[in-house]
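Undergrad: Letter by letter, the chains look like this.
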Amino acid sequence: MIHFKRLNDLLSRKYWAPVSAVKEHKGEAMNTLYNFVSGPLAWVAFIIFFVGCLYRLIRILVLVHKKEKYIYTYMSWKYSFRSILHWVIPFATVNWRKHPVLTIVTFAFHICLIITPIFLLSHIILWDESWSVSWWSLPDSLVQAMTLIVIGSCIFFLIRRLISPEVQYVTFASDYIILAIVAAPFVTGFMSYYQWFGYQVFTILHILSGEIMLIAIPFTRLSHMLFSPLTRAYMGSEFGGVRHARDW
Amino acid sequence: MLSAENWDWETPEKLIAFADWNENFAWIEEPHVSCDGEKIAAIVNIAEGEFSVCINGETWENAFEKIWYPRFAPDGRLTALVSEMGEWTVAVDGIAWENKFGYVWNTLFSEDGNHIAVAVQQDMAYCMAVNDTPWQQSYSNMTNPLLSSDGKRTAATVQVEDFGEGDIQKFQEGVFTAALDGKPWNTKFVNVWKMAISPDGEKLAAEVRVSLYDYTIAVNGRPWDKTFGCVWEPIFHPKSGSVVAPVRTEGAWTLAEDGNLIWDRRFVQLWHQMYSPDGNKLAAIVASKFGKWTIAVDGKPWSVTFKDLITDAAFSPDGRRIAAVAKDDQKWKVVVDGAVWENTFDMAWKPVFSPDSKNVAAKVEKNGKYTIVVNDRLWGHECETIWDPIFNSEGDKVLLRSIEDGKYYRRVITVNDL
Amino acid sequence: MAEPAKKVEEKKIIDEGLEMGTEKLTQDRIENVINRVLKGESGARLKAYVDTCIHCGLCSEACHYYLSQDNDPRWSPVGKVKQTLWEMIKKKGKVSPDFIKRAAEIASTECNLCKRCAMYCPFGIDIAYMMLVVRRINHLLGVTPLYIQDTAHSHAATFNQMWVKDDEWIDTLQWQEEEAQGEIPTLRIPLEKEGADIMYSVIGPEPKFQAQLIYQAAVIMDVAGVNWTMPATPGWDNSDMAMFTGDNEIMGRLKRAHFETAARLRVKKIVMGECGHAFRSVYDVGNRWLGWRMPPIPVVHAIEFYYNLLKEGRIKIAKKFEEAVTLNDPCNVSRGGGLHDKARYVVNAICESLVEMHPNREYNYCCCAGGGVINCGPPYKMKRVEGNRIKAEQLFAAKARGAKVLIAPCHNCHSGLEDINHHYGLGMEIKFIGDILYEAMEKPA
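Protein chains in written order, with the working numbering: chain A, 1 to 248; chain B, 1001 to 1418; chain C, 2001 to 2445.
Simulated from the structure, these hints should not be mistaken for lab results.
Only a predicted model underlies this, so the values are computations on that prediction, with no experimental measurement involved.
Idealized CB from N, CA, C, for every residue including glycine.
Check before you lean on any hint, since a few could be wrong.
[Claimed, not checked] Only pairs whose alpha carbons sit at most 20 Å apart, straight line, appear in this in silico EDC-like list of lysine to aspartate or glutamate: (1) K2193/C <-> E1384/B; (2) K1331/B <-> E2260/C; (3) K1333/B <-> E2323/C; (4) K2024/C <-> E1173/B; (5) K2208/C <-> E1165/B.
[Unchecked claim] Listed next, the stretches of chain B that the computed footprint assigns to chain C, with coverage defined by at least 3 CB atoms under 8 Å from CB atoms of chain C: (6) 1210-1217; (7) 1287-1300; (8) 1306-1315.
Okay, chain A solo, but in the shape it has when bound:
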């Protein structure tokens, strides 16, 4: 069984060095490419991701400090969390309830999107190899399912963008690109996992697309990952502390 063989490879850490396989089939070039994307490029991607996120966050806070200091005076932990909490619980807000399918998809998508790469065994092994840190992993079958959920969600979002007039109207090429950036690591990961064809290529593409996504987060609208807690907290504080009204 491919599945079993793959897992075995992983556990015996052969996975980490697809060198022999690569050498046999494609030779040096592929090997070099693999080493590049999983080595220096990964470093670059993680650095850009972390530094980029930090930079964007600091910059926005500095900008608040410089030009809209008053915002700080209205921020309230209580109302920030009251608001955030309502919006991170499925169906806890009027609008989530209005769109049950979208709500389920959105939550499933985001949960899987974040959980899957972190608790995927093969990723943990990579961490372990490089940094000697490891943590608990999810069973691969579950990860597979979660990967499919992410891919399925992306398809759902794509279809929504294509057919739902209110979404279609505000959709730009960049929205498709962003969607593709998010879907790509999962699609390629899925492909490489099953080793159906072009395994090495997909492994490299998987790593590459993951890196692209990391780099894209701070500098595209994927930065909603960084800013949405802030915008939500501000609106929550205004509604709770000043307007005495619900914002969900």
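Using the hints provided, position chains B and C relative to the given structure of chain A.
TA: Chains B and C in isolation, oriented as in the chain A frame:
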């Protein structure tokens, strides 16, 4: 102002009944007292559509169809705005001015009380009238009436061109200007707001808007060279005659003198700038940060700040001290030279310095009763009404004017007794 | 529904203010102003909102325009941002005069700044704020609808909304005092009473067209034994259309006059009539521009004031209003001030039966008159009325459950709903809370 030296500073207490006036009238309106405390007066309703003013228990000889805005002039004369046969005018000590108008309002007094001015409407034309003499010109509208402190000059914003409602183009071309003693400037502006008359009476400065977006100060009709995002009302230097006004530049406020920025620091807000009497110091109410209010002296803010409000700031006569009223969380406070008094109040009025600048007193309200606080010490009486305290020229005595148990008391108390 | 849901035929609306302003535009000026506002005046908020929006369209169903226009995406909140601000940002201000004109139309007459969409956006993006940024740009470019611009001029010249002159204001108060003395002979409208507990403030249209509201307020104050006053100077008007034209400087000037008048009169509170936008202006918009975190003198909206009077027993109800009523929660005092529960306490205290409309409270649909839209005047009346078919449907549903009278404790709601009432043949009577309270309360015989 009546020279306080000539007032009775010896009699410790004088009493005038007030509440029992009620028996003679349908109702009595809010009482007013003269500066020297010798007179208490109120509008009284005699019968339906018949009003008079009762002063120390004596009613004016003349009754009017309607009376409002009774105010004592600083010289002790009692003025009120009165209506007879559908016409309005000013009555001084019960005697109506000879000129009658469509409407009069906004009574103004010169410092000595010799000059009395009002805003006037006659046949939908507007002007001011001083001592029973209206301006020669009148205008289709007039706002911001002003009387110089010596009473010799009057000024107001006037509309010099008519425009229909909805004629936004004409409005934006400018239809307003300022008039000094009724004579308009040659320049027209989109808006003209509050103004100031120079100590020598020769110059009139006003905050103006030259387009929908450009604000500046105009002096005798000539705008400053520079425009700003916004401005507030100007003042004159008491000696040099230069003009200082708050201006907004790049989203922050500072002070400008004759168009040039004079304070380095920028503020979230800055207004009510004032010179010390000798003109050596310049202070203003400022918000040093968003929601933090204080006073800045020569550009440097006090360290103490208040959340809600700071108002009624005043220099001491020697120019060395500043007192103001502040508010924090519904508590009103008196703050002197950056130090907050320990007593807090439900309401506090403008603090008054003694002529020697040593003592500070203010009218305050606590639990629905009024009293006086001097140098943070409360006077023991809880009054139904009280008026601002007045120091004698030596600064050792205070004149207290209050109503207790329906009786009006005029008391003279030594500062040390408080 | 009295009228079939049909696609609104789009007629070209000619607005002199927009035409005149557009004619004067140059490419340089447009670019200059847009960049000055985007880079100079606005900051982190706008940036975060633009960068965070993932174009999901979830705000759409919050908007009464969108719902009333058969879910046409051009009317969705984010759709309006797309047609205005995004384009300005994308093109770095290089947009055409016609684009500016259309942006003015969208921001000023197709959005009520009701902030309902802020409750529907998962990220809490404040599209009303973004529309205000567009209005600010339009203001600085001189492209603002004629009627509301004229109103802003009135504010600037007279410090009130209706070109009411200084003497006319006082005269009106004295006239209403006299009128009310016909009912209660000792009643007074105390002018310039320094040290009163409360300064009562109203909006310009009250002295101009609806003086009976001042009469009613005076009776309520008198019967409740309130120590109150009204100013005889500018500063009496709490309304603020400058806030809605993007003329922040005039907005600040008005609010300064209002609060300084209250401070001069040494009142502890400002009580304001049943107006929504004025509450917004004094409560959390105008005051902020001036540097006041909260109003320096507390502002009490009429709803809360009535609530206090009834709760404390200072006003007693002689006879409750019999006909079933429904209550329209105004955006600016409900979503903007949390007064919906107090409004219900008051309505239940003075009326026999309250039939809720749905949605209600913070979730209520906007009347489509607020945010300065009704103040853009007759040219936009049909757009406004047809843009709120959903409100008519909401009201028909309440009517079907027995509601005969519609209470709207806000001037803009009142006028906007009156137009909807007529256009859709709703046949409801529209009242202020004060109208009913005045009728229902115990008064001296």
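Undergrad: If a hint holds in the structure, say so; if it doesn't, say that too.
TA: Okay, the hints, checked on the actual structure:
1. Simply put, K2193/C and E1384/B have alpha-carbon atoms about 15 Å apart, close enough for the 20 Å limit, and the pair holds.
2. Between K1331/B and E2260/C, the direct Cα distance comes to roughly 17 Å. Compliance with the 20 Å bound is thereby established for this hinted pair.
3. Distance restraint check for K1333/B and E2323/C: the Cα-Cα separation of roughly 50 Å exceeds the 20 Å cut-off, and the hinted pair is therefore not satisfied.
4. Annotation: proposed proximity of K2024/C to E1173/B holds, straight-line Cα distance about 14 Å (limit 20 Å).
5. With a C-alpha separation of about 14 Å, the suggested pair K2208/C and E1165/B falls inside the 20 Å cut-off, and the hint holds.
6. Counting residues of the region 1210-1217 of chain B whose C-beta sits closer than 8 Å to any C-beta of chain C gives 3, which meets the bar of three, so the coverage hint holds.
7. Given a C-beta distance limit of less than 8 Å, the hint that chain C covers the region 1287-1300 of chain B holds, as 4 residues qualify and 3 suffice.
8. Judged by the Cβ-Cβ criterion of 8 Å, the region 1306-1315 of chain B is covered by chain C as claimed, because 4 of its residues qualify and three suffice.
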